[in-house]
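Student: Protein chains in written order, with this note's numbering: chain A, 1 to 194; chain B, 1 to 108.
Among the hints, erroneous ones may be present.
One side only, chain B facing chain A, incomplete, derived with CB under 8 Å [stated by the list, open to error]:
id, residue
1, 1
2, 2
3, 3
4, 6
5, 7
6, 8
7, 11
8, 38
9, 41
10, 45
11, 46
12, 50
DEER-style ranges, computed between Cβ atoms [unchecked claim]:
id, chain 1, residue 1, chain 2, residue 2, range
13, A, 8, B, 20, 53 to 63 Å
14, A, 160, B, 57, 18 to 28 Å
15, B, 13, A, 103, 58 to 68 Å
16, A, 161, B, 61, 17 to 27 Å
Hints are computed from structural coordinates only; laboratory data are not their basis.
A virtual CB, placed ideally from N, CA and C, is assigned to each residue, including glycine.
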Amino acid sequence: MSILGAFLLLLVAWQYRLDAYQLVYSTRGAATGASYTDVHAQLPAYNLLSLVTAATAILIVVTAYLRSRLWRAVVVLLVIWFGISILAGNVYPGLIQRFQVSPNELNLERPYIANNIEFTRRAFDLHTVEPVDYDTSRQFANALRAEPQTIRNIRLWDYRPLLQTYNQIQALRHITPLTMLMSTAIRSMANYNR
Amino acid sequence: MLAAHELAPDRLNETAQTWVNRKLVYTHGYGVAVSPVAQVTRDGLPEFLLKDLPPTGVMTVTQPQIYFREISNDYVIARTDEPEFDYPRGEGNETTPLCCRYRHCDDP
Numbered sequence: 001m002s003i004l005g006a007f008l009l010l011l012v013a014w015q016y017r018l019d020a021y022q023l024v025y026s027t028r029g030a031a032t033g034a035s036y037t038d039v040h041a042q043l044p045a046y047n048l049l050s051l052v053t054a055a056t057a058i059l060i061v062v063t064a065y066l067r068s069r070l071w072r073a074v075v076v077l078l079v080i081w082f083g084i085s086i087l088a089g090n091v092y093p094g095l096i097q098r099f100q101v102s103p104n105e106l107n108l109e110r111p112y113i114a115n116n117i118e119f120t121r122r123a124f125d126l127h128t129v130e131p132v133d134y135d136t137s138r139q140f141a142n143a144l145r146a147e148p149q150t151i152r153n154i155r156l157w158d159y160r161p162l163l164q165t166y167n168q169i170q171a172l173r174h175i176t177p178l179t180m181l182m183s184t185a186i187r188s189m190a191n192y193n194r
Numbered sequence: 001m002l003a004a005h006e007l008a009p010d011r012l013n014e015t016a017q018t019w020v021n022r023k024l025v026y027t028h029g030y031g032v033a034v035s036p037v038a039q040v041t042r043d044g045l046p047e048f049l050l051k052d053l054p055p056t057g058v059m060t061v062t063q064p065q066i067y068f069r070e071i072s073n074d075y076v077i078a079r080t081d082e083p084e085f086d087y088p089r090g091e092g093n094e095t096t097p098l099c100c101r102y103r104h105c106d107d108p
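Full structure from sequences and hints, please.
Tutor: And the structure:
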């Protein structure tokens with residue numbers, strides 16, 4: 001019976017290992033992903049808890065084979081384990097987050113936000129994009145003047161009030177609501193030249 | 001700017017919410033409203049290149065029916081013997097239009 005409990009605790013220890021990997025999805029902190037508290041408090045807590053849980057499991061098995069007053073020893077071990085798990089897993093990272101990170105958030109979180117940005121760029125394949133300065137010299141202004149269609153087609157309407165207006169004056173008794181499909185210029189309208 | 005009319009059958013009257021109505025009759029939205037991106041009227045309203053049902057304006061729309069919508073992703077059954085609702089024409093009261101223009105959906 002205590003073998004079962006010990007086995008269960010070993011699974012919990014393994015769960016703590018996996019939780020450590022889950023930290024890269026953490027929503028704590030300024031950006032999604034492992035932030036300062038996750039790396040400096042939660043991760044060590046998970047590692048520690050993993051070891052402690054495994055140790056508790058082993059101790060339970062040892063106790064089952066050595067001592068006669070089995071239940072009391074097991075309960076004591078479990079209570080100690082539970083206490084450590086709460087303290088290390090929840091209380092300690094909470095304290096770190098509240099008293100160390102929050103007063104100094106920008107400085108401490110900066111490398112983790114930078115990680116977030118960099119890997120988001122990589123995810124969208126943007127790290128291969130090379131920024132180039134755009135020519136705003138006179139030649140550009142002349143070229144623009146030679147294409148009045150482009151200027152005349154620069155969108156001024158915000159689609160949100162426009163959609164509200166459409167629904168008020170065009171929708172049929174609210175049965176036919178409108179949804180915005182396209183809010184860019186229709187360049188192929190050569191006839192339209194007001 | 002281009003906005004399509006959808007059809008929201010759940011906004012119909014309670015008595016009109018039958019299975020036949022929802023799946024066979026009110027199957028598609030009809031028509032679009034189009035206005036230029038940089039024009040306003042004197043009242044601040046948008047100019048229209050295409051408006052009203054049926055869509056009238058500077059262009060012709062040969063197939064104004066729109067079957068795929070944003071409001072819901074429920075299924076409908078098209079091209080049945082039941083005429084599919086396009087838009088009401090004529091006088092009508094709130095619940096049922098007295099004179100509707102029903103059409104079969106022609107295929108392309």
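Student: Could you run down the list of hints and mark each one as holding or not?
Tutor: Results for each hint:
Taking 8 Å as the C-beta cut-off, the interface hint given for residue 1 of chain B holds, the closest approach to chain A being about 5 Å. With a cut of 8 Å, the hint placing residue 2 of chain B at the interface with chain A holds, because the nearest CB-to-CB distance is about 4 Å. Below 8 Å, beta-carbon pairs count as interface contacts, and residue 3 of chain B has one with chain A at about 4 Å; its hint therefore holds. Among the interface hints, the one on residue 6 of chain B holds; its C-beta lies about 6 Å from the nearest C-beta in chain A, closer than the 8 Å criterion.
Taking 8 Å as the C-beta cut-off, the interface hint given for residue 7 of chain B holds, the closest approach to chain A being about 6 Å. Satisfaction of the interface hint for residue 8 of chain B is found here, the shortest Cβ-Cβ separation to chain A being roughly 6 Å, below the 8 Å cut-off. Checking residue 11 of chain B against chain A by beta carbon gives a least distance of about 5 Å; that is within 8 Å, so the hint holds. Interface hint status for residue 38 of chain B: upheld, as the beta-carbon distance to the closest one in chain A is roughly 5 Å, under 8 Å.
Given hint, residue 41 of chain B at the interface with chain A, is violated; its Cβ is 11 Å from that chain's nearest Cβ, farther than 8 Å. With its C-beta approaching chain A no nearer than about 6 Å, residue 45 of chain B sits inside the 8 Å limit, and its interface hint holds. Restraint check, residue 46 of chain B versus chain A: the minimum CB separation of about 6 Å is within 8 Å; hint holds. Of the supplied interface hints, the one on residue 50 of chain B is violated, with its beta-carbon coming no nearer than about 10 Å to a beta-carbon of chain A, more than 8 Å.
Between residue 8 of chain A and residue 20 of chain B, the C-beta spacing of about 58 Å keeps the proposed range 53 to 63 Å intact. A beta carbon spacing of about 23 Å between residue 160 of chain A and residue 57 of chain B agrees with the range 18 to 28 Å that was offered as a hint. Between residue 13 of chain B and residue 103 of chain A, the C-beta spacing of about 60 Å keeps the proposed range 58 to 68 Å intact. In this structure the supplied range 17 to 27 Å holds for residue 161 of chain A paired with residue 61 of chain B, their Cβ-Cβ distance being about 25 Å.
Hints 9 and 12, counting from the list given before, are not met by this structure.
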